[in-house]
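S.K.: Chains A and B are the protein sequences, given in the same order.
So the first sequence is numbered by this note's numbering: it starts at 48 and just counts up by one.
So the second sequence is numbered by this note's numbering: it starts at 4 and just counts up by one.
These aren't lab readings, by the way, just hints derived from the structure by calculation.
Nothing here was measured: the structure is a model prediction, and the numbers come from that model.
Glycine included, C-beta positions come from ideal geometry on N, C-alpha and C.
A few of these clues could be false.
[As the list claims (entries may be wrong)] A short list of chain B residues far from chain A (calculated; beta carbon distances all over 12 angstroms):
#1 S5
#2 D16
#3 V34
#4 D45
#5 F108
#6 D144
[Unchecked claim] Within a straight-line C-alpha distance of at most 20 angstroms, the following computed EDC-like cross-link-like pairs (lysine to aspartate or glutamate) qualify:
#7 K89(B) to D144(B)
#8 K89(B) to E53(B)
#9 K62(A) to E53(B)
#10 K62(A) to D112(A)
#11 K126(B) to D30(B)
#12 K126(B) to E71(B)
#13 K74(A) to E107(A)
#14 K98(A) to D112(A)
#15 K89(B) to D145(B)
#16 K59(A) to E138(B)
#17 K98(A) to E66(A)
#18 K59(A) to E53(B)
#19 K49(A) to D112(A)
#20 K59(A) to D92(A)
#21 K98(A) to D16(B)
#22 K98(A) to E138(B)
#23 K49(A) to D119(A)
#24 K59(A) to D145(B)
#25 K126(B) to E53(B)
#26 K98(A) to D118(A)
#27 K49(A) to E107(A)
#28 K98(A) to D143(B)
#29 K98(A) to D78(A)
#30 K98(A) to D144(B)
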Amino acid sequence: MKLLYFAWVRQKMGKGEEEIALPPGVKTARDLASHLAAMGDGHADAFADLKRLRVAINQEHANWDAAVGADDEIAFFPPVTGG
Amino acid sequence: MSVRVSIQAEDFDPAAEVAALTQDRADIGAVATFTGLVRGDDGLLAMTLEHYPGMTEREIAVHVAEAESRWPLSGVTIVHRVGTLKPGERIVLVAAASSHRAAAFAACEFLMDYLKTRAPFWKLERRGEGAVWVEARPSDDDAAGRWR
Chain A
48 MKLLYFAWVR QKMGKGEEEI ALPPGVKTAR DLASHLAAMG DGHADAFADL
98 KRLRVAINQE HANWDAAVGA DDEIAFFPPV TGG
Chain B
4 MSVRVSIQAE DFDPAAEVAA LTQDRADIGA VATFTGLVRG DDGLLAMTLE
54 HYPGMTEREI AVHVAEAESR WPLSGVTIVH RVGTLKPGER IVLVAAASSH
104 RAAAFAACEF LMDYLKTRAP FWKLERRGEG AVWVEARPSD DDAAGRWR
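All chains, full assembly: derive it from the sequences and hints.
M.R.: This is how it looks when you write it as structure tokens:
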């Protein structure tokens, strides 16, 4: 699966994107966030509070209980501030 | 309906965009435009806009289609800049054309409210002491919520 990070999530993760294999037991966006949070310092910091984060699955806004799959593009970012 | 959406680093010319939107059209009676500028308050030196290529265009297309389903529109132009901008520079243009003004005004405001709350852009503000990501404002969500 392809993971994308934007704004301060990208800065805390130290990268804008990465490819990973679907981790065992990960079924939802929330599961994926928990998995990523357990992977290291910047990761835990980025995913400490899901209320401050938003998720998109295959370029569409999604909720934390949405299913994620091995071929999905998942993006994590703060609430948007364009316009 | 004619639709032009551009995500670009370069500046844009609002008058040229409106001229292009209405060129060779005798059915358009109204064009409402909104231009957003970088406000240089609290010592802002520069603002850097980042976006999610692909999702941005997709999300804007969804809301343009919704605007078209709600109002009788002749055309829509949306230009949003990315990259580093200074106070006073243009950030965003929304232009909505219709046969009558009510639809043009409403669609322009609708599209702007959704750009602010759904399109994946983020602003990083640089002042003397460092750079800070702009926090989303609940009032922008309230503005978008009016259209539900």
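S.K.: Run every hint past the structure and note whether it holds.
M.R.: Hints and how they fare:
Separation of S5(B) from chain A is adequate, the least Cβ-Cβ distance of about 22 angstroms exceeding the 12 angstroms criterion. Under the 12 angstroms C-beta cut-off, the non-interface status given to D16(B) relative to chain A holds; the minimum distance is some 19 angstroms. For V34(B), the condition that its CB be more than 12 angstroms from all CB atoms of chain A holds, with the nearest at approximately 19 angstroms. Taking the minimum C-beta to C-beta distance to chain A, about 16 angstroms, the non-interface status of D45(B) holds against the 12 angstroms cut.
Every CB of chain A is more than 12 angstroms from the CB of F108(B) (nearest about 17 angstroms), matching its label as outside the interface. The Cβ of D144(B) sits about 9 angstroms from the closest Cβ of chain A, inside the 12 angstroms cut-off, so the non-interface label is violated. With a CA separation close to 26 angstroms, the supplied pair K89(B) and D144(B) exceeds the 20 angstroms bound. With a CA separation close to 15 angstroms, the supplied pair K89(B) and E53(B) stays within the 20 angstroms bound.
Pair hint K62(A) plus E53(B) holds up; C-alpha atoms about 14 angstroms apart against a cutoff of 20 angstroms. With a CA separation close to 25 angstroms, the supplied pair K62(A) and D112(A) exceeds the 20 angstroms bound. Our distance criterion of 20 angstroms between C-alpha atoms is broken by K126(B) and D30(B), whose separation comes to about 38 angstroms. This hinted pair does not check out: K126(B) and E71(B) have alpha carbons roughly 28 angstroms apart, beyond 20 angstroms.
For the proposed pair K74(A) and E107(A), the alpha carbon gap of about 18 angstroms is at most 20 angstroms, so the pair holds. For the proposed pair K98(A) and D112(A), the alpha carbon gap of about 13 angstroms is at most 20 angstroms, so the pair holds. For the suggested pair K89(B) and D145(B), the alpha carbons sit about 28 angstroms apart, so the restraint of at most 20 angstroms is broken. Distance hint between K59(A) and E138(B) is fulfilled; the C-alpha atoms sit about 16 angstroms from each other, no more than 20 angstroms.
This hinted pair does not check out: K98(A) and E66(A) have alpha carbons roughly 25 angstroms apart, beyond 20 angstroms. With a CA separation close to 16 angstroms, the supplied pair K59(A) and E53(B) stays within the 20 angstroms bound. A C-alpha spacing of about 18 angstroms is found between K49(A) and D112(A), which places the hinted pair at or below 20 angstroms, so the restraint holds. Among the hinted pairs, K59(A) with D92(A) is consistent with the structure: their alpha-carbon atoms are about 7 angstroms apart, no more than 20 angstroms.
Between K98(A) and D16(B) the CA atoms are separated by roughly 39 angstroms; this puts the pair beyond 20 angstroms, and the hint is violated. Between K98(A) and E138(B), the direct Cα distance comes to roughly 13 angstroms. Compliance with the 20 angstroms bound is thereby established for this hinted pair. Our distance criterion of 20 angstroms between C-alpha atoms is met by K49(A) and D119(A), whose separation comes to about 6 angstroms. Of the pairs offered as hints, the one joining K59(A) and D145(B) is violated, with about 29 angstroms between alpha carbons and a cut-off of 20 angstroms exceeded.
Between K126(B) and E53(B) the alpha-carbon distance is near 7 angstroms, which keeps this suggested pair within the 20 angstroms criterion. Simply put, K98(A) and D118(A) have alpha-carbon atoms about 26 angstroms apart, too far for the 20 angstroms limit, and the pair is violated. As the CA atoms of K49(A) and E107(A) are separated by approximately 14 angstroms, the hinted pair is consistent with the 20 angstroms bound. This hinted pair checks out: K98(A) and D143(B) have alpha carbons roughly 17 angstroms apart, not beyond 20 angstroms.
At most 20 angstroms may separate the alpha-carbon atoms for a hinted pair to count; K98(A) and D78(A) meet this at roughly 15 angstroms. Straight-line distance between C-alpha atoms of K98(A) and D144(B) comes to about 15 angstroms, which keeps the hinted pair within the 20 angstroms bound.
The structure does not agree with the numbered hints 6, 7, 10, 11, 12, 15, 17, 21, 24, 26 stated previously, though it agrees with the rest.
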